[in-house]
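S.K.: Using the sequences provided together with the hints, build the complete structure.
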Amino acid sequence: MLDEFVKAGYIALKDFREYYMKPGSLSWGIIFPFVFALAFMTKRGGLTEWLAPGMISLALFFGSTSMSAMSIVFERRIGSFERLLLFPVSYNCISLGKSLSSFIMGLISAVPVLLLTLIVLPEPPAYLLLLAVNIAITTFASSTFGVFLSFLVKDPAQVMIVFNLVRFPMMFLSDVIIPVTIMPQYLVPIALALPLTYMTEALRFAYTGTYDVIPPAISITVSLVIGVLFLLAASEVIKRSKP
Amino acid sequence: MLLLTAQSIMMGEDLKCLRTEERKMGNECIISVEGLTKKYGELMAVDHISFCVRRNEIFGFLGPNGAGKTTTVRMLVGLTRITEGKAWIEGYDVVRDYKRVRSVIGVVPDISNLYSELTCLQNLIFSAAMYGVPREKRLKRAEELLKFFGLWRMRDFKFKNLSRGLKRRLTIAAALTHNPKVLFLDEPTSGLDIMSRRMVWEKILELNRSGVTIFLTSHNVYEAFHISDRIGVINKGKIVALGTPAELSKRFSAKEVIEVAFYPKNPRESELIKQLNGALSVKLRKDHLEIVASDPTSVIEGLILYAKQNNLELSTLNLRGADAEELFLRIVGEQ
Ligand SMILES: Nc1ncnc2c1ncn2[C@@H]1O[C@H](COP(=O)(O)OP(=O)(O)O)[C@@H](O)[C@H]1O
Ligand SMILES: [Mg+2]
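Chains as they are written, first to last, in the numbering used here: chain A, 6 to 248; chain B, 722 to 1056.
There could be a bad hint or two in this list.
[Stated by the list, open to error] Okay, derived cross-link-like pairs now, BS3-like style, lysine-lysine, Cα gap no bigger than 27 Å in a straight line:
id, chain 1, residue 1, chain 2, residue 2
1, A, K247, B, K902
2, A, K247, B, K957
3, A, K159, B, K881
4, B, K820, A, K247
5, B, K924, B, K858
6, B, K902, A, K244
7, B, K820, A, K244
8, B, K971, B, K957
9, A, K247, B, K760
10, A, K244, B, K807
11, B, K879, A, K27
12, B, K881, A, K27
13, A, K244, B, K760
14, A, K247, B, K807
15, B, K959, A, K247
Simulated from the structure, these hints should not be mistaken for lab results.
M.R.: Given below as structure tokens:
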């Protein structure tokens, strides 16, 4: 058991070395979220207390999913992915390893955005420790979601297009930049069905001490459960990816 | 001009006899396969094959492209789902005990698929770590392998910067970090130049001498006959011949080929065959006739007699055993 965690760690380190410098991870994972946050700063209204957790959530989400996109779709295409299937480890170990590399990338993407909000906003985060925990949970859930999603894409040339087709609507519908509270009624159920909504609400509570529609106990629990479910789903998909 | 040559197909025979004597050959199966089958939709990629690979031998799995070699290897190592049938490696069921199977086998896929941004050393250490080699032994094992495969100077080169032959060697090395008992090699030398190819063969033989059982696939007849102790020939998903190289050549190349040309003019095929005892077929090639003979001596006597009687000269007379490739075509063509 412990052995499998350690090996998942080796997979993550290997992935990180291999893919962090690739254009796909850099542009969509690191540069985009930061530039996006900067853009809000210069706009009228600026980077508000409400927006800050959304920006952090976005960075974690884009950073981690970009890494999985690279490390899985690319490896599957050139055949390196199957090397992992030859080691004496379980499918869970592989999906955990892939999620961990995404996790590292997600955290790195969030650092510049987090620093920006800390510098720009007058109020410090409401609950620092909870914020750290929720950042970890959000990154974890985004990572396993990204790993799962990566197995549905075959062609590395299309991966960022497909990922953005999923990520951009989520960005607008998940309480990240547009509050659920001002959405038209018919969009609310969709927002409540998207995992990113829960992650963002969890972060928002830790950062501002308030939430829009989902109470922290629920948003945190749901985020964690989503993370675990996608991890298990990813293992299952890896198993089924065999011809 | 009279030219008489007989070519043996067993170019690597001397080398192999030596090795077989050196080792105590057990008859125990380290890999057993029973009725193994893979269907892709309607396509029977592998069709109920059964065979045994003995401990310490080099088993060559020979067949044309698309015969089902890769699919067979992939089923044995757990990369492709088995449609039907069973297989055991070291007594472990390859499906049920897949984790234990993986720790006793090393697998070299048909492409060199190591991680391009990692150096040679990093690739080997990662592999060792994933196979559960204790931390303090990983570096030593990786260094041993780099030296063994002549990659020591390249240890800090990234995989992507290696030549094709070096990539192949490192991919083989990465399959050996945990000292496996069985090494699967899928087309180990395909696409390599002569020098790299020889180097890989040497290393395979050396590994085998140190006690590793080798299962290798190839579409190259010379390669299979050159380094295997036993060969299974697969075609269209079925095993069509199985035996030592010597057995296979004996069984399939009883017939010999005579090439002959007459001066000033070659006779008609149909006319010549009537005059010859022991000729199975006569075919006109570009500038000579090719005669497949069951009794070459009487055919050659017949040819000399025919030339005398018809005032012709024999400008070429060439006797050769069927070479490995013809043998292979014959085996594969028999069904
Ligand atoms: N994933 C797959 N899906 C469908 N057909 C496949 C797949 N892999 C191999 N095949 C088919 O199975 C047959 C055997 O292929 P393969 O085992 O790769 O042959 P070999 O390695 O002997 O060249 C071929 O006809 C090939 O097209
Ligand atoms: Mg093949």
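S.K.: Which hints from the list above does the structure break, by number from lowest to highest?
M.R.: Violated: none.
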